[in-house]
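2 protein chains.
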Amino acid sequence: MTGIRMTLDELRILARAKLIGAGLARDHAEAVAETMVAGERDGCASHGIYRLLVAVSSLARGVVVPDARPELAHPARALVRVDGGGGFAQLAFQTGKPALIEKAKANGIAALALNNVVHFAALWPEVEELAEAGLVALAFTPSHAWVAPAGGAEPVFGTNPIAFGWPRPDGPPFVFDFATSMVARGEIELHRRAGKPIPDDWGVDAQGQATTDPAAVLAGAMRTFGGHKGSALATMVELLAGPLIGDMTSRESIAWDDGRGGSPLGGELIVAIDPAGFLGDLLPGHQARAETMFDAITGQGARLPSARRYAARVRSLSQGVEIAPDLYRDVMALNG
Amino acid sequence: MTGIRMTLDELRILARAKLIGAGLARDHAEAVAETMVAGERDGCASHGIYRLLVAVSSLARGVVVPDARPELAHPARALVRVDGGGGFAQLAFQTGKPALIEKAKANGIAALALNNVVHFAALWPEVEELAEAGLVALAFTPSHAWVAPAGGAEPVFGTNPIAFGWPRPDGPPFVFDFATSMVARGEIELHRRAGKPIPDDWGVDAQGQATTDPAAVLAGAMRTFGGHKGSALATMVELLAGPLIGDMTSRESIAWDDGRGGSPLGGELIVAIDPAGFLGDLLPGHQARAETMFDAITGQGARLPSARRYAARVRSLSQGVEIAPDLYRDVMALNG
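So the sequences go chain by chain: U and B.
The opening residue of the first sequence carries number 1 in my numbering; numbering runs sequentially from there.
The opening residue of the second sequence carries number 1 in my numbering; numbering runs sequentially from there.
Among these hints, one or two may not hold up.
[Claimed, not checked] Computed spacing ranges between beta-carbons, pair by pair:
1. Y310/B x T298/U: 38 to 44 Å
2. G134/U x G208/B: 18 to 24 Å
3. M332/B x E102/U: 57 to 63 Å
4. E189/B x T292/U: 54 to 60 Å
5. G186/B x G85/U: 50 to 56 Å
6. G280/B x A288/U: 58 to 64 Å
7. D200/B x A288/U: 35 to 41 Å
8. E102/B x E102/U: 21 to 27 Å
9. G285/B x R329/U: 23 to 29 Å
[To be verified] Here are a few chain U residues that face chain B, going by a calculated C-beta distance under 7 Å:
10. A113
11. A216
12. L218
13. A219
14. A232
15. L244
16. F278
17. D295
18. I297
19. G320
20. A324
21. Y328
22. M332
23. L334
Please keep in mind that the hints were generated in silico from the structure rather than gathered at the bench.
All values reported here derive from a predicted model rather than from experimental measurement.
For each residue, glycine too, the CB sits at the ideal point set by N, CA and C.
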């Protein structure tokens, strides 16, 4: 069964309309639709138009303030804060981005805290936008406590992604964005729906025992990637994008959700560094050093983290995207 | 055969004397000795007094400038740079630390680049010192190209550690410091000396094949921890502490070493964030949130990354440390 082919503009119009139809304010709908179009465009099906179902569900469950007005503040010379007022993160990021860029360029380094925002999207669109503006960027966000620390079996961390962006002189930035959990939670969910077992190192059941049953892990705890190192990184993400910026940890956020099953409410920290800060006029020469390192990776047949997305992007920009029939039907059925 | 028991002061005096005897300037010797004493005190044998042999060897091989004068510069309002002049990293860090702390407190966030320094030590002493000063700190440094990217088999990255420090109101900071390689290079070296095989996921031989032979991996390439995620982090460390600060990548550094086998020359990036920047007077309440998360980790029997070091520290401060007879003999034999 072939999918429904759409241009990115058609997808954007559809996403906006469905979000507005679900009660989301127009400016939020535009910002949120943009990340879904970006995900679909880049071949990230799990962060594409499928997320319309997730976002509309969060709206229906009452965990999102649909018309929140993000408020910008300047707590210190190189810090920016946006209080998202309980709305989706995208508009809060767009509200803070110009000030973050300006402060990073003025001071060499700056940080943006998003507080009180609902997250359902990947972090790569944000670090990519900052890299497109010439900055090196790092982003962190906790989520809901689903992941046990190394050596334990009770959930403390969220899937706690870390994203990084590096501007490149010719072509799109070097970008990565990964969960510090062994896999994305959606991956386990997909196995559950398909009735397939999972590898026994993805998580533990509610009794703390390793299991290949995806439902048991969803009711128990996921593991971090990379053993105690991934666990240390997950702890860092909790701290940087939780207490450091006055926002919730993943345990606090899931408690706040109180079984509603919405996307996580909480904070996000973004650090931006201006390469010209340390390098001044020497920037191009040192950027070339980075390119030599990238060549040493790709020249031996290894792939850069963003390569697959960028290849999908080239295809989507010329040919549009294809939406699976089931997904298309579910999306069209949203709010009439 | 029992070891030689020494107080930390005795160890400090010994380390300084041996470094000065090897031709290192007094201020460098004092700074370098301090990190060795800290390593031995905290039970990190591989970063303790054993490193005297490493440092003296690097001096003998001519890869370190023994009387380098670190030069402090202020490239931007929130950036500090210290040119280490080819000397050991410790004195360069101590030279830049006060300005980093001051700039982080004045601006909310700041970064310190160490350029042109020789590294042989762990990063945790530095992030711990910054956390003791009330700051949240991140540190990164490349080394020599020994580690292949995920999907490849040729060395591009160093062991590229990432360290993080978080101040805690009662007691020593939360600190981690780990290599983004699967294991430390010294671990493979120890297996080689002992004639023991290594797990087949630690590295590949010069033909790119998985092997359990430690000598083959030392001549081939190590792997990153955590597959493509660790590889992404190793890439980030190269970029942040290499081209971003105008310094060498791990490939450039090992080429510069040119077979001499010294400790790596290159750069280091340290980012420091003042928790009071975002939080102001609300800091203690949010620090308590972090403590609640730490309790959720330790309360289920999982260990915080720094716990073992701090336990060893308590013992060493009261009982001194015990140096293995072989190591003691080798240290005493240094420069007469």
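A quick look at each hint next to the structure:
no. : hint                        : in the structure
1   : Y310/B x T298/U: 38 to 44 Å : 43 Å, holds
2   : G134/U x G208/B: 18 to 24 Å : 37 Å, violated
3   : M332/B x E102/U: 57 to 63 Å : 58 Å, holds
4   : E189/B x T292/U: 54 to 60 Å : 29 Å, violated
5   : G186/B x G85/U: 50 to 56 Å  : 51 Å, holds
6   : G280/B x A288/U: 58 to 64 Å : 43 Å, violated
7   : D200/B x A288/U: 35 to 41 Å : 37 Å, holds
8   : E102/B x E102/U: 21 to 27 Å : 23 Å, holds
9   : G285/B x R329/U: 23 to 29 Å : 48 Å, violated
10  : A113                        : 6 Å, holds
11  : A216                        : 18 Å, violated
12  : L218                        : 19 Å, violated
13  : A219                        : 17 Å, violated
14  : A232                        : 4 Å, holds
15  : L244                        : 6 Å, holds
16  : F278                        : 5 Å, holds
17  : D295                        : 10 Å, violated
18  : I297                        : 5 Å, holds
19  : G320                        : 29 Å, violated
20  : A324                        : 26 Å, violated
21  : Y328                        : 31 Å, violated
22  : M332                        : 36 Å, violated
23  : L334                        : 34 Å, violated
When held up to the earlier numbered hints, the structure conflicts with 2, 4, 6, 9, 11, 12, 13, 17, 19, 20, 21, 22 and 23 and fits the remainder.
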